[in-house]
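Trainee: Taken in order, these protein sequences are the chains called A and B.
Take 1 as the starting number for the first sequence in the numbering used here and just add one per residue.
Take 1001 as the starting number for the second sequence in the numbering used here and just add one per residue.
Rather than coming from a laboratory, the hints here were simulated on the basis of the structure.
A hint or two may mislead.
Stated by the list, open to error - In the DMTMM-like style, the derived pairs of lysine to aspartate or glutamate whose C-alpha atoms are separated by at most 25 Å in a straight line are:
hint	chain 1	residue 1	chain 2	residue 2
1	B	Lys1063	A	Asp62
2	B	Lys1012	A	Glu193
3	A	Lys71	A	Glu24
4	B	Lys1063	A	Glu47
5	B	Lys1063	A	Asp196
6	B	Lys1063	A	Asp127
7	B	Lys1063	B	Asp1023
8	B	Lys1033	A	Asp115
9	B	Lys1033	A	Asp124
10	B	Lys1012	A	Asp115
Said to hold, decoys possible - Facing chain B, a subset of chain A residues (Cβ under 8 Å, in silico):
hint	residue
11	Ser65
12	Ser69
13	Trp125
14	Pro128
15	Leu132
16	Arg135
The C-beta atom is built at its ideal place from N, Cα and C for all residues, glycine as well.
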Amino acid sequence: MRLCPKIRLWPRWQPVDSDPFAAELESHRRYLLRVARLQLRDQDMAEDVVQDTLFAALTGRDGFSGRSSVKTWLTGILKHKIVDVIRQKKRQPVLESMFEEDTGLDDFDPLFRDDGGWAAPPADWGDPENALSQREFFDIMEFCLEKLPPNTARVFMMREVMELDTDEICKELTITANNLWVILYRARMALRECLDQNWFAGQARG
Amino acid sequence: MLHRLTHMVSCKEATRLLSQSEDRRLSLGERVKLRLHLAVCTGCARFQRQIDFMRGAMSRYRK
Chain A
1 MRLCPKIRLW
11 PRWQPVDSDP
21 FAAELESHRR
31 YLLRVARLQL
41 RDQDMAEDVV
51 QDTLFAALTG
61 RDGFSGRSSV
71 KTWLTGILKH
81 KIVDVIRQKK
91 RQPVLESMFE
101 EDTGLDDFDP
111 LFRDDGGWAA
121 PPADWGDPEN
131 ALSQREFFDI
141 MEFCLEKLPP
151 NTARVFMMRE
161 VMELDTDEIC
171 KELTITANNL
181 WVILYRARMA
191 LRECLDQNWF
201 AGQARG
Chain B
1001 MLHRLTHMVS
1011 CKEATRLLSQ
1021 SEDRRLSLGE
1031 RVKLRLHLAV
1041 CTGCARFQRQ
1051 IDFMRGAMSR
1061 YRK
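With the rest of the complex left out, here is chain B (with noise of 0.2 Å):
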């Protein structure tokens, strides 16, 4: 129930927002959104972890 009740936005909202965050400010209630259905998603925390280990990838490529 608790999960229903805070995957306000689905993971692959999630993914899009967490995604965006990289490129422009997220709104409050978005990142009250996201961070409410990271608490509770393994999934999305590990994508989150992913796509900040690509950036830092990337970064890595260019120096």
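In isolation and in its complexed conformation, chain A is listed as follows (with noise of 0.2 Å):
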């Protein structure tokens, strides 16, 4: 499916360079291209929504208010788009299977013993503000939420990225209040063993 017909967005004969507002959208393309495969598993439909997204940022751009970041406006559109997509994609019954992915509340969980106490409790982060203004801690992160299970990362990040509230994607996903309190607690409890492993093992502990 094609959301909309390909639109050379940037034409030939006007260069993004000169162009230092287009050039701001455009650096935000990685990240966008990131949060909507993120959200739709799809390389295809995650491209066009995000030139969609760009494209309306370009040609709305007397809309952006200058109150928050390019990237928060950015995010905002791209919010609206990918909430369009799954909403088309649920009238496809082809692709109703993806929303159908384990989301049973049966809890075998390694991370805890049979009397529900930790197997192993978790490790001192130090003080781990300071990774916050590390781009090598983002690009760790982003390698945790790429290893999620597709239907977890997708909540997680419209729940996380895009601060839909949580009645808006039960609506939008069709799932119970129980069902999505469950994937993302599993997200949290994944991306924090992830975080640790991957960041916080080479960092705070001697």
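Reconstruct the complex from the two isolated chains, following the hints.
Mentor: The following block contains the structure:
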């Protein structure tokens, strides 16, 4: 399915670098693509939706108030585009299966003992705030997000990056609130574990 | 003994409540149980700081 015909966003006769605003938009393409791909799990759809977002931003630049960053503004536009795609996809029976991924409440969890205590309690992360000023940390975070199971990543991105409220996510994905909490719980546990192993293990601990 | 008495919720249950507290308002009973647990459990107190940090990191990511 094509969402829209491929539009050449930047006409050849007008190089991006002659327009600083267009160049700034373009500089966020990689981030937008990653966010879109994690939610749609389809490279073509993700590219279309990002192209659409950048095009809408370029033609609607007067709508940019400057109160938030360009990146935040773009994230907001992308959110609406992604919700549209998810709505369209729901109408297509072929793709419905992707929303039926395991969201069961069955809960064998190797992180905990049978009595519900930690098998291995979380290690000390020291002063994690330092990580936020390091680009490499966000590379690791992206790596960890990519490793989440598709449905888990989608829901987590909708919640934490798109900032959709929980009712909205349940409605768009036709899942129950209980399912949503389980999915978000799993996402946070997995992300915590992954950051612990791939970032903090080498940092705070000697 | 104190340890046993105050562990009205398990660590597994406490981590669930901590995660859900990001997405819904916990009931009074849940908040009390959670607070009691966090007061005596270093692992879960650490876990709480870590998921708070992750939320902050995600918010930094989109800005």
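Trainee: Checking each numbered hint in turn, tell me which of them this model violates, lowest number first.
Mentor: 11, 16
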